[in-house]
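Colleague: Produce the entire structure from the sequences given, and follow the hints as far as they go.
This is what each chain is made of:
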Amino acid sequence: MSAITLQDLDISYGDTKVVHGVNLDIAEGESFALVGESGSGKSTILRAIAGLAPDWTGKIAVLGQARTHRIERSVARQVQMVFQDPYGSLHPRKTIDEVLSEPLVINGIGDRGDRVEKMLTAVGLDHRFRFRFPHQLSGGQRQRVAIARALMLEPKVLLLDEPTSALDVSVQAEILNLLKRLRKEQGLTYLLVTHNLPVVSFLCDRLAVMRHGRIVEVADVGLLKQGQLREDYSRELLAATPG
Amino acid sequence: MSPLLKVENLRVSFPTHTGRVEVVKGISFELGRERLGIVGESGSGKSMTGRSILKLIRKPGLVTADRMEFDGVDLTRQSERQMRDIRGARISMVMQDPKFSLNPVMTVGEQIAEALVTHEKLPRREVNERIYAMLEAVRIHDPKRVAGLYPHEVSGGMGQRIMIAMMLIPEPELLIADEPTSALDVSVQAQVLDIIDNLVTQKGMGLILISHDLSLVSRYCDRILVMNSGTVVEECAAGQLEQASHPYTRGLLAAMPVIDETRDELPVLDRTQWAGT
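Protein chains in written order, with my numbering: chain A, 32 to 274; chain B, 32 to 308.
It cannot be assumed that every hint is accurate.
To be clear about the criterion: a stretch of chain A counts as covered by chain B if any three or more of its residues have a C-beta under 8 Å from a C-beta of chain B, and this derived list gives those stretches [said to hold, decoys possible]:
1) 217–228
2) 240–248
3) 254–266
Just so you know, these hints were derived from the structure itself, not from any lab. Glycine is no exception: its CB is placed at the ideal position from the N, C-alpha and C atoms.
Modeller: Put into structure tokens, the structure is as follows:
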């Protein structure tokens with residue numbers, strides 16, 4: 032079964048259409064990347080799947096279920112999102128324990144203390160951090176918390192919006208390793224938005240290159256590694272990547 | 032040839048309730064008319080180093096140095112007033128984010144003009160000509176139109192090129208670029224750095240490029256200083272970065288994923304090893 036299916040997806044913000052006729056099919060267990068410049072519409076696609084950009088037409092299906100334009104609890108339990116900036120995505124006046132418990136409370140899931148402890152261990156945070164506030168954590172630790180929060184409801188699909196671009200190189204390596212390990216352990220499907228092609232090469236199986244709200248090319252990551260993307264624009268992106 | 036900039040034992044510290052904390056711990060370097068890269072992670076003191084050269088660190092921050100000489104001028108002894116003649120005119124600095132560094136209520140043309148006429152008295156017509164020529168030099172194709180725009184009407188990449196135009200129009204001898212492209216898209220990054228690179232080599236200026244991105248710095252600089260918790264841990268020619276010997280530099284290099292990645296796991300820095308932050 033495919034984890035995410037997008038058919039003729041158009042997304043608008045007010046009168047401006049930012050995504051034009053996107054078709055994608057992402058298999059369960061796959062790790063898929065959307066790459067492109069700012070303004071190419073890649074994050075908007077994630078937001079539409081999560082229900083944060085409700086002004087769309089076409090079809091979005093998650094694990095075979097077509098989703099509506101509202102925020103749905105059933106979708107929330109299967110799809111969760113991790114945002115770019117861990118400094119902005121955690122509530123500054125809630126402890127890590129509250130942040131991680133909240134999705135459980137909303138969905139009426141018990142056994143919270145245990146689940147929080149287990150999740151902290153899974154993302155590699157010591158249990159000392161449980162009753163701290165976000166400002167007492169470093170950027171990398173906060174991103175671990177954001178990933179933990181996304182995983183609290185045991186979703187099948189993670190939407191990752193530039194999860195490492197606000198982090199230092201060495202911290203980025205830790206988070207990438209964590210994401211790779213979690214995917215293996217829990218059989219997750221990733222849809223990752225990034226402009227960093229080496230990250231795609233490390234973490235993903237396939238990628239789609241986007242430009243001006245359209246998909247230019249869908250390719251296997253093998254082609255990226257060999258520098259054999261077909262379209263001129265994709266090659267341009269590749270050439271601009273240092274190293 | 033005597034060096035353009037000579038820094039000896041530079042220290043920057045800030046007070047905290049547990050005593051003064053040194054963020055730059057006695058670094059020394061020299062710069063000729065060349066391109067020097069300073070790399071390091073957040074908190075390594077690289078930006079503080081750049082700022083202290085221009086004496087931009089405000090109280091209660093404290094900067095001391097045994098020697099900080101720019102083209103024979105002892106920077107440590109310059110008054111605030113004398114510094115104003117140096118800033119912009121002889122040493123200028125490009126900041127990270129054009130969104131926050133451009134004045135939102137002045138047109139692009141006015142801002143660039145300000146940078147020029149602060150240091151030089153020129154007739155109006157010549158000012159305009161210089162502005163248009165400068166905008167063209169940073170590859171803005173219709174300078175007349177762009178000069179009349181406000182910063183919110185231009186894209187990030189164009190904003191950064193405008194910043195560069197503003198910084199280079201008084202023809203300084205040294206340009207300090209602090210993460211000039213980290214707010215920009217990858218494809219625009221290369222363009223902006225190429226522009227800086229061209230202008231710097233054409234005019235024979237000195238460049239200090241401050242960045243967290245090792246591969247970028249090695250591409251655009253002649254020499255590299257690697258900083259970690261306030262000290263320079265390694266100094267090498269850009270071409271020899273691959274042979275870097277310090278474990279911190281090696282760790283940084285290894286932690287970066289590459290385009291033809293085959294590793295299953297990225298090596299992670301053992302932070303306890305350097306007893307840093």
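Colleague: All the hints need checking, so say for each whether the structure fits it.
Modeller: How the hints compare with the structure:
Counting residues of the stretch 217–228 of chain A whose C-beta sits closer than 8 Å to any C-beta of chain B gives 3, which meets the bar of three, so the coverage hint holds. Figure legend: the stretch 240–248 of chain A, annotated as covered by chain B; annotation inconsistent (0 residues with Cβ-Cβ distances under 8 Å, at least 3 required). For the stretch 254–266 of chain A, the assignment as covered by chain B holds, since 4 residues bring a beta-carbon within under 8 Å of that chain's beta-carbons and 3 suffice.
Violated hints amount to a single one, hint 2; each of the other numbered hints is respected by the structure.
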